[in-house]
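Please build the complete structure, drawing on both the sequences and the hints.
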Amino acid sequence: MYAHSLTDQPPDRWQPLDVHASAVAGMADMFAQPFHSGAWASLSGSLHDIGKARVSFQNYLRFCNNLTDADYDASDRTHSGAGAVWAVQALSRNKVGRLLAYIIAGHHAGLPDWIGG
Numbered sequence: 001m002y003a004h005s006l007t008d009q010p011p012d013r014w015q016p017l018d019v020h021a022s023a024v025a026g027m028a029d030m031f032a033q034p035f036h037s038g039a040w041a042s043l044s045g046s047l048h049d050i051g052k053a054r055v056s057f058q059n060y061l062r063f064c065n066n067l068t069d070a071d072y073d074a075s076d077r078t079h080s081g082a083g084a085v086w087a088v089q090a091l092s093r094n095k096v097g098r099l100l101a102y103i104i105a106g107h108h109a110g111l112p113d114w115i116g117g
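In terms of the numbering used here, the sequence shown is residues 1 to 117.
Think of the hints as simulated: they come from the structure by calculation, not from any bench.
Any given hint could be a false lead.
Estimated spans, in silico, between C-beta atoms of each pair [as the list claims (entries may be wrong)]:
(1) Pro34 - Asn94: 17 to 25 Å
(2) Ala109 - Ser37: 17 to 25 Å
(3) Gln89 - Phe31: 22 to 30 Å
Ideal Cβ placement from N, Cα and C applies to all residues, glycine included.
In structure tokens form, the structure reads like this:
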């Protein structure tokens with residue numbers, strides 16, 4: 001499983017998903033230490049790209065690098081929703097679950113303003 005591909009490079013040079021998730025979790029933990037939220041930040045970092053583990057996303061990476069002739073539905077390349085859904089479902093008893101979902105879902109698109117509603 002891969003998190004990122006490199007143009008004109010074979011898959012064995014791509015970044016593995018577990019390596020990426022671990023690195024992001026570590027950085028998030030470090031950045032969140034000043035406000036004592038390292039564990040939550042680390043969990044968010046671990047989950048932010050979990051949707052890339054889907055077969056359809058792995059196929060998307062191969063499609064983008066011309067490693068398949070199969071047609072690909074470009075609308076299926078999203079990946080941040082899976083981690084957000086997990087956070088809400090797994091942490092439903094803890095209000096932090098919704099907060100983590102908000103962070104995870106917005107990690108590329110930005111965070112919507114929820115203050116108004």
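Within 17 to 25 Å: is that where the Cβ-Cβ distance between Pro34 and Asn94 falls? Hint holds: Cβ distance 22 Å, inside 17 to 25 Å.
Using the Cβ atoms, figure out if Gln89 sits within 22 to 30 Å of Phe31. holds (26 Å)
Assessment of proposed distance window 17 to 25 Å (beta carbons of Ala109, Ser37): holds (22 Å)
The structure fails none of the hints (numbered hints given earlier).
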